[in-house]
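Going line by line, the protein sequences match chains A and B. When we follow the UniProt record's numbering, the leftmost residue of the first sequence carries the number 1, and every step to the right adds one. When we follow the UniProt record's numbering, the leftmost residue of the second sequence carries the number 1, and every step to the right adds one.
Be aware that a few hints might be false.
With a straight-line cut-off of 20 Å between C-alpha atoms, the simulated EDC-like cross-links for lysine to aspartate or glutamate are [stated by the list, open to error]:
1) K468/B / E434/B
2) K425/B / E456/B
3) K82/B / E99/B
4) K76/B / E50/A
5) K136/B / E39/A
6) K136/B / D71/A
7) K92/A / D141/B
8) K91/B / D282/B
9) K92/A / D88/B
10) K486/B / E456/B
11) K91/B / E69/A
12) K468/B / D481/B
13) K76/B / E69/A
14) K82/B / E159/B
15) K76/B / E60/B
16) K220/B / D187/B
17) K329/B / E368/B
18) K220/B / D141/B
19) K121/B / E163/B
20) K136/B / D74/A
21) K92/A / E140/B
22) K468/B / E439/B
23) K468/B / D438/B
24) K329/B / D371/B
25) K486/B / D416/B
26) K329/B / E314/B
27) K457/B / D429/B
Please keep in mind that the hints were generated in silico from the structure rather than gathered at the bench.
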Amino acid sequence: MSLSLEQVRRVAQLARIELTDADAAATQAKLNGIFDLIEQMQAVDTTGIEPMSHPQDLATRLRTDAVSEADRRDAFQRIAPQTENGLYLVPKVIE
Amino acid sequence: MSRSDWEVVIGLEIHAQLNTASKIFSGASTAFGAEPNRQASAVDIALPGVLPVLNRGAVERAIRFGLAIGATVAPKSVFARKNYFYPDLPKGYQISQFELPVVQGGAITIRVGEGEKAYEKTVNLTRAHLEEDAGKSLHEDFHGMSGIDLNRAGTPLLEIVSEPDMRSSAEAVAYARALHALVRWIDICDGNMQEGSFRCDANVSVRRPGGPLGTRREIKNLNSFRFLQQAIDYEVQWQIDTLEDGGRIQQATVLFDPDSGETRMMRSKEDAHDYRYFPDPDLLPLVISPEWIARVQGELPELPGAMKARFVDELGLSAYDATTLTASKEMAGYFQATVDAAGAALAKPCANWVMGDLAGRLNKAELEIADSPVTPAQLAGLVRRIADNTISNNIARKVFEALWNGEGGAGADAADRIIDAQGLKQVTDSGAIEAIVDEVLAANPKSVEEFRAGKEKAFNALVGQVMKASRGKANPAQVNDILRHKLGS
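Next comes chain A alone, as it looks inside the complex (with noise of 0.2 Å):
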């Protein structure tokens, strides 16, 4: 399987990653040789074995439900580019 420069860009898209053309085609290359690896992967017999989400074969960590952190929003606020009413403001977006 390889990747076409059509869904590099729409990869790129989505990830609002801006490509020149230049730059399109050797992200193409780049990744198609990373779909080259996953090929000799998928080579490999995995017949009954059961996939994993993860690569520790662990359970993950729970913590009890208590309220444990105090307010930092001074902290927090103190360097984001701009705040009003304790809001950090953003560029207008509505979808």
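Knowing the structure of chain A, use the given hints to seat chain B on it.
Below, chain B without anything else, positioned relative to chain A:
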């Protein structure tokens, strides 16, 4: 052609906010109404290097739900990243579950319609999965910018997905109501729709009966049962009109505008999100042991379905009464407490009082049953006095009103104190009733004559006169007997 030439197919996705103290992946508070961003921790605002740690309380609530609908609680489930860009989603992805959700399958029985046309139906569930909520974008004027409040970011949600089993807006509303009652019943969600704790998305399509499924459109974010009904009704008619005019339905996401009552397109399939789900490498699989499931099972309250069956089998109530009384946990709890105090033999009059006079009075006062000024013990005391003929039903209404107004004090004998204080005790002494009847007969010769001429109405008038003369306290059955006897002889 009309609506009856089309079959409506509806599936619902419901987001129930789980009532945990802290967020699903951080220790920030989930309390509603805090100042903006006061409850947004480093994890919630996605500072670099932070890691999510799953909240046991959120998982436990998902297990409760799974058991309550007879679903499979997955021994192993997986969290995935759902990728999209929006300013109120600071990580650039929402942690959700995709391929392996925590709750799989299950079903819920709904009752649709009222009276003789009412029917029951089973709606199957596809799945329910855990996920985090996003923050809130405020688009009021901040110098042409949007304001972002991340307090809600990371609030635990259970997204409950049904099969496309519903065939009308009435069924969809009945299903949503049944789920709403259930999540409150098992205490996993406060069900507050104004605060967004219970939100519905409806997938709607129409088809020729028996034909292949039509293309669906998804109505997003309906936060009341009325809007759910209105939005589906509008959408169904729009789809039918479009198809009958020779048009085609395009898959799309639409929003309902409560002001115009219309749905309008938010985005078409072409610019639909491609979420590129993949397992979140920050989270290991969620493993739920059989022991944990067994413990949660043991802690579950009696469920509405089981309680309803018990009310019918053990208390002899009708299916309708049992359904009404188990419509909410509060209603069921009130009724159960009343029956416990009055005795199971009086279950039917208890049911009548709870669903009748009490519900009506609460409705008039715009109160919830949990806030009823008349307690179950007081109501039981009243019902017992009707049953043992101390008072008639009519007088009981007077006593009920007095209880409502706080007379008689607390406890089961409040009704007794009111009956004593106001001298409302029913007269069952037949000698006393006979005396009143004689007086009434003597004073109303015209009615007596009419009755003897065959006018049954005249008899009722005489009964009314006797009751009036006794100030409502004569036992009506005895009055009837004595009157008949005297008139017949």
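Now for the hints, and whether the structure bears them out:
Among the hinted pairs, K468/B with E434/B is consistent with the structure: their alpha-carbon atoms are about 14 Å apart, no more than 20 Å. For the hint pairing K425/B with E456/B, the CA-to-CA distance comes to about 29 Å; that exceeds 20 Å, so the pair is violated. Taken as a hint, the K82/B and E99/B pair is honoured in the structure, with Cα atoms around 12 Å apart against an allowance of 20 Å. Note on K76/B and E50/A: the hinted pairing holds, with a Cα-Cα distance of about 12 Å set against a maximum of 20 Å.
With a CA separation close to 42 Å, the supplied pair K136/B and E39/A exceeds the 20 Å bound. Our distance criterion of 20 Å between C-alpha atoms is met by K136/B and D71/A, whose separation comes to about 18 Å. Restraint check for K92/A and D141/B: satisfied, since their Cα atoms lie roughly 9 Å apart, inside the 20 Å limit. Between the alpha carbons of K91/B and D282/B the distance comes to roughly 13 Å, so the proposed pair stays at or under 20 Å and holds.
Restraint check for K92/A and D88/B: satisfied, since their Cα atoms lie roughly 12 Å apart, inside the 20 Å limit. For the hint pairing K486/B with E456/B, the CA-to-CA distance comes to about 15 Å; that is within 20 Å, so the pair holds. Between K91/B and E69/A the CA atoms are separated by roughly 19 Å; this keeps the pair inside 20 Å, and the hint holds. Restraint check for K468/B and D481/B: satisfied, since their Cα atoms lie roughly 17 Å apart, inside the 20 Å limit.
Distance restraint check for K76/B and E69/A: the Cα-Cα separation of roughly 29 Å exceeds the 20 Å cut-off, and the hinted pair is therefore not satisfied. A C-alpha spacing of about 14 Å is found between K82/B and E159/B, which places the hinted pair at or below 20 Å, so the restraint holds. Taking the CA atoms of K76/B and E60/B, the gap is about 14 Å. The hint holds against a cut of 20 Å. Under the criterion of a C-alpha separation no larger than 20 Å, the hint pairing K220/B with D187/B is inconsistent with the structure, at around 25 Å.
Simply put, K329/B and E368/B have alpha-carbon atoms about 12 Å apart, close enough for the 20 Å limit, and the pair holds. For the given pair, K220/B sits about 25 Å from D141/B by alpha-carbon distance, which is inconsistent with the 20 Å threshold. At most 20 Å may separate the alpha-carbon atoms for a hinted pair to count; K121/B and E163/B meet this at roughly 13 Å. For the hint pairing K136/B with D74/A, the CA-to-CA distance comes to about 19 Å; that is within 20 Å, so the pair holds.
Among the hinted pairs, K92/A with E140/B is consistent with the structure: their alpha-carbon atoms are about 10 Å apart, no more than 20 Å. In summary, the hint linking K468/B to E439/B is supported, as the alpha carbons are separated by about 12 Å, within the 20 Å threshold. At roughly 14 Å between alpha-carbon atoms, K468/B and D438/B fall within 20 Å of each other, so this suggested pair holds. Simply put, K329/B and D371/B have alpha-carbon atoms about 14 Å apart, close enough for the 20 Å limit, and the pair holds.
In summary, the hint linking K486/B to D416/B is not supported, as the alpha carbons are separated by about 33 Å, beyond the 20 Å threshold. For the hint pairing K329/B with E314/B, the CA-to-CA distance comes to about 19 Å; that is within 20 Å, so the pair holds. Taking the CA atoms of K457/B and D429/B, the gap is about 26 Å. The hint is violated against a cut of 20 Å.
In this structure, the hints that do not hold are numbers 2, 5, 13, 16, 18, 25 and 27, in rising order.
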